[in-house]
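Here's the letter readout for the chains.
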Amino acid sequence: MNSIATEARTSGASGPAESGRAGGDRFGPHRARRRPGRVDRRVASWWWVVPAVVLTVGIQYFGVAAGSVFAFTDWKGAGAFRFVGVDNFVAAFQSPATVQALWNTLFLALCFVVLTNVLGLALAVSLNRVLKTRYLMRVLIFMPVVLSPLAVAYIWKFIFQPNGPLNGLLRSLGLDSWAVAWLGDPSTAIWTIVVVVVWQNIGLTMVIYLAGLANVPPELEEAAAVDGASAWARFFRVVLPLLRPTVVIASALTLIQGLRIFDHVLALTGGGPFNATQTLATLVYKETFVNSEFGYGSALSLILTLLITVAAILQVTLLRQRED
Amino acid sequence: MHRYRRRTFVFEIAIILITIAFLIPFFLLINVALKGDTDAFLSPAIAPPNPPTGSAFLDAWTGSATGSIPQGLLSSVIITGGSLIVLIAFGSIAAYTITRFPGKLSNGLYILFLIGIILPFQLGMVPVYVVLRSVGLVGTQLGMIILYSGLLMPLAVFLYTGFTRSLPREYEEAAQMDGSSRLQTFVRIIFPLLAPATGTVAILAGLVIWNDFFASLIFLSGSRNATIPVVIYGFVGANVSAWNVIFAGIIISMIPILLFYMFAQRRFIQGFAGGIKS
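Sequence order for the protein chains is A and B.
One point on numbering: in the working numbering, the residue at position 244 of the first sequence is 714, and numbering is uninterrupted.
One point on numbering: in the working numbering, the residue at position 235 of the second sequence is 245, and numbering is uninterrupted.
One chain only, chain B, in its complex shape (with noise of 0.2 Å):
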């Protein structure tokens, strides 16, 4: 039954022009990106830029009284990196010990950042939001950092656990028996074995972190420290109906993440699909 046939090319022609129509949001978005100021106010948004033009995407890297693009890319790779290294570094190591005493400790922790998943964050904003301004780390990159790794430890932990379990033993008692410490055999043994997980971790909670409108927003409009998500929406407000130059500025802010998502698209895939399968 699953021989290619007239009418499976039929089917076939009928989705690639689905998709096409699906993905015409993303031709708007480059045309009126190229076009130059009048010509993206008078023409039709489908009809191609005449003449084609890169002002647009200059105006909007050079920036807005609200906060630069530049800027808020340079804020987002800080916060996002950050964040990333202390999820994977803690998160990790915290989901080795856990899987490797079996125990009631380790299931009431497990059960924890389990239910660290499910709770949502809107109710907690407030306090939190309270606690780091009475420390001075509202509207910083650290603020952002410990923000997020306490929001995502949770799903790191689990992800790694996921993946810890089915770990045979077998490599750390070889590494001790050559004498190594318990630390020096989880950093050069084990950790190199949780790239996989290691990976799933940096995609979701990257992608998470990069993209978050809401904590951002909150902890970070009217600083210097604003992540891309913030800057276009301040942008916006300061290019009301340049649409030209809010396009080449959301151009610019999507394009890290579609480098990432062309060179990784299976992993990006399987990451969320894994992820939350498990």
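Next up, chain A with everything else stripped away, as it sits in the complex (with noise of 0.2 Å):
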């Protein structure tokens, strides 16, 4: 039906013009008398997105949608349920497994985003033009990228252990005092995460910073290396402004990346010792679907996705002020 309408408004658009030259036009054979410019526009029906739209619109705003009004009830995953207004979210704050879950997932994302942001511009830079292997070493270290972060966190969980690699290195070092039970101490178990995540993603980073790195010309740097200018110059006054919207663009991925961090935390820690690394995502998961406390959990998943919508909102706007 919708291409019958569309076919009428068509050939009655051209139609006036037409018949005032030919009057036979209208009986004639329409197809031979197209000429190029002419031909029928509509070239895709509407009906093409509805299975896209239905998906999208059947998962992602239907779940987002109704997580956010399960956050002020008490349900419990089966049965009846009230609204309890805000109380999950005072609940939350006052529990100080909760807050520190908060401060966890803050610090994990902070020193996510510096560390993988840092190390991957500096490999991006060291493996931009000159190297003879940089091909094979971007390969190498992107690798990790495209692996099951799950099995990642397996592979260094192993190297953590008391008895692991990482202690028996430092022994024959003689640094004996060094070797502590990086899993089941507190005040290392998070660093252990740490290093894990930014291991397995620095190699996205530099890729992203490499393809910001090939849009620098490089007569640019030459120019500067003229003037006398000397490689931090060059890289602080020359390059490094010319990243600016690599550099919010990538902050802000791995921002966003960092808050959501779940499957390292799962398969190393499962979030202690004592809740030590327990994070936002890691939490919600314990208390929707192992303590079956819906509504809670739901309270604590719309936290964390406010957190990452203002993550995403900083980006466009720093990319808007970049335009301007």
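These are calculated hints, taken from the structure and not from any lab test.
Treat each hint with caution, since some may be false.
[Said to hold, decoys possible] As a list, the in silico SDA-like pairs of lysine to any residue whose alpha-carbon atoms are at most 25 Å apart:
1. B:Lys114 / B:Leu124
2. A:Lys602 / A:Lys546
3. A:Lys546 / B:Leu147
4. A:Lys602 / B:Ser176
5. A:Lys756 / B:Gly244
6. A:Lys756 / B:Thr150
7. A:Lys546 / B:Val148
8. A:Lys546 / B:Ser176
9. A:Lys756 / A:Phe732
10. A:Lys756 / B:Gly149
11. A:Lys756 / A:Lys602
12. A:Lys756 / B:Ser176
13. B:Lys114 / A:Ile783
14. A:Lys546 / B:Val145
15. A:Lys546 / A:Phe563
16. A:Lys602 / B:Phe32
17. A:Lys546 / A:Trp702
18. A:Lys546 / B:Gly232
19. A:Lys756 / B:Phe111
20. A:Lys756 / B:Val148
21. B:Lys114 / A:Lys756
22. B:Lys114 / B:Thr18
23. A:Lys602 / A:Trp702
24. A:Lys602 / B:Asn249
25. A:Lys602 / A:Pro687
Starting from the two chains in their separate frames, assemble the complex, guided by the hints.
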């Protein structure tokens, strides 16, 4: 039906001009009369977007909207529930474990953003143009990015074992006092997670910065070198300002990723010892699917969602600023 | 300034050493997996296997009570493949329609998909779980395919629109003159032209789905259809400190992705850099 309506519209638009010249146009064979500029512009049908829209709205939008409603209820996953206002949020901010999870989430995200970006940029600059082995090194450093975070976390869990290779190395260097139970000690456990997530994702920021560096014309750097600028000055005065948009994109992306760290924590420490590595994401899982506190878990989820939304808005704002 | 000097050579050696240090975890992974049970337990991790044996791989393959690795691989292949077919078929045609009908409605739809990329899904997991459970789709491969298709459709449409925007109209106009129907034109003429975008969608969405642990843990744990990350998770619990068997299992689970990566590393890297930048 839709297509008939448009068919009518197109022929209506071309009608008067054509019929002015040739009276028999309306009755003649339609197709033969068409010149390149007059081809039917309807090359698609609106129905074609329906499956994609239904899937997106039905899963994404429905889920997030309904989840926001659950956050204000005391639902346990089955049976009746009632609305409890902001009780879940009050309970969340009064619970020491949840407040600690919030701080852990922010701490992990911050470390993740700073380290992946600084180290990824350093690697990108090193492997940008000069070195002969740069392509091989890029491929090797990027490799962990494509692997399962869970599998990567288990490899590192072995390395951090009390009798594992890391402590073996420290002992062989005579640093016996440094050999601690990395995963079992609340003061070191969170750092083990930082190490693992940074190790796995450094290749990703490296690749984003390499794409950004490809847009920095080598002539600019050469001109600065001719003017006597040192390598440091060239990097900080010439290259880095041109990379600003890339820095914004890479740090916003890693910030959002850092706030959602889940697999690594569950595999390495399970949130322990004594909640020292519990993040909002792992706490949501625990409250919702282990303790069946669907309402409370949804409230925690909503807090995490708000954090991520703030990060996303920050990215959009910073990118806009650049365009002005 | 980009000349290769003695200093550059020293720098190159330093970078190579750093990369080797970076890869030590992979060395340990392979080294320990090749050890026998007592060898793995008694010798230091860096000591070479004495003698090298494939027994850990055999143990890992024959599996544990919580789900077997071959079954997990099969389930991962079906779920990832099925979701990719849905994403590519519906994502490409939706993106094409949006870019071919400029106007308010398409802009609105485009924004709908764009917001879908940013919406963090943790919040939606519970309600979707409840709905899928009520229709009996929790723990099934079909349920996972529907879930992942919905979660990643915004990304697929977004990546395809970046490509369809720059597609000249001449092709489909010529095809229409030849008298083929609109759907035929799309399938025969347009879709093959979208191959680079299809590659990016398959790589990015495929990796997310294959490696996903959060959703699959919630929807599939305890079911016969558990994907490989969930199987590995249960596997580690069942083989406490039998690291040679755990590592053999992890290696088996990594092989499909690593094979893809080796044959198409450039496409992987470009896909990530390009997909994220746009």
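| said: Would the hint linking Lys546 (chain A) and Ser176 (chain B) be met if the CA-CA limit is 25 Å? | reply: 50 Å, violated
| field | Straight-line alpha-carbon gap Lys114 (chain B) to Leu124 (chain B), limit 25 Å | value | Holds. Lys114 (chain B) to Leu124 (chain B) sits at ~15 Å (cutoff 25 Å).
| request: Would you check the hint for Lys114 (chain B) and Ile783 (chain A), treating anything up to 25 Å between C-alpha atoms as holding? | output: Holds - the C-alpha atoms of Ile783 (chain A) and Lys114 (chain B) are around 23 Å apart, at most 25 Å.
| said: Does Phe732 (chain A) sit within 25 Å of Lys756 (chain A), going by the straight-line distance between their CA atoms? | reply: 11 Å, holds
| Between Lys756 (chain A) and Gly149 (chain B), does the CA-CA distance stay at or below 25 Å? | Distance of about 19 Å is within 25 Å: holds.
| task | Take the C-alpha atoms of Lys756 (chain A) and Lys602 (chain A), compute the straight-line distance between them, and say whether it is at most 25 Å. | result | Between Lys756 (chain A) and Lys602 (chain A) the Cα gap is close to 49 Å, so the pair fails against 25 Å, i.e. violated.
| Hey, Lys756 (chain A) versus Thr150 (chain B), does the alpha-carbon distance stay inside 25 Å? | 23 Å, holds
| Does the structure keep Lys546 (chain A) and Leu147 (chain B) at a Cα separation of 25 Å or less? | Distance of about 20 Å is within 25 Å: holds.
| query | Are the Cα atoms of Lys602 (chain A) and Trp702 (chain A) separated by 25 Å or less? | reply | 22 Å, holds
| task | Could you grab the alpha-carbon distance between Lys602 (chain A) and Ser176 (chain B) and see if it respects the 25 Å cut-off? | result | 35 Å, violated
| said: Does Phe32 (chain B) sit within 25 Å of Lys602 (chain A), going by the straight-line distance between their CA atoms? | reply: Measuring from Cα to Cα gives roughly 19 Å; hence the hint holds.
| field | 25 Å Cα cutoff - pair Lys114 (chain B), Thr18 (chain B) | value | 55 Å, violated
In summary, the structure is inconsistent with hints 2, 4, 8, 11, 12, 17, 19, 21, 22 and 24 from the numbered list given earlier, while agreeing with the others.
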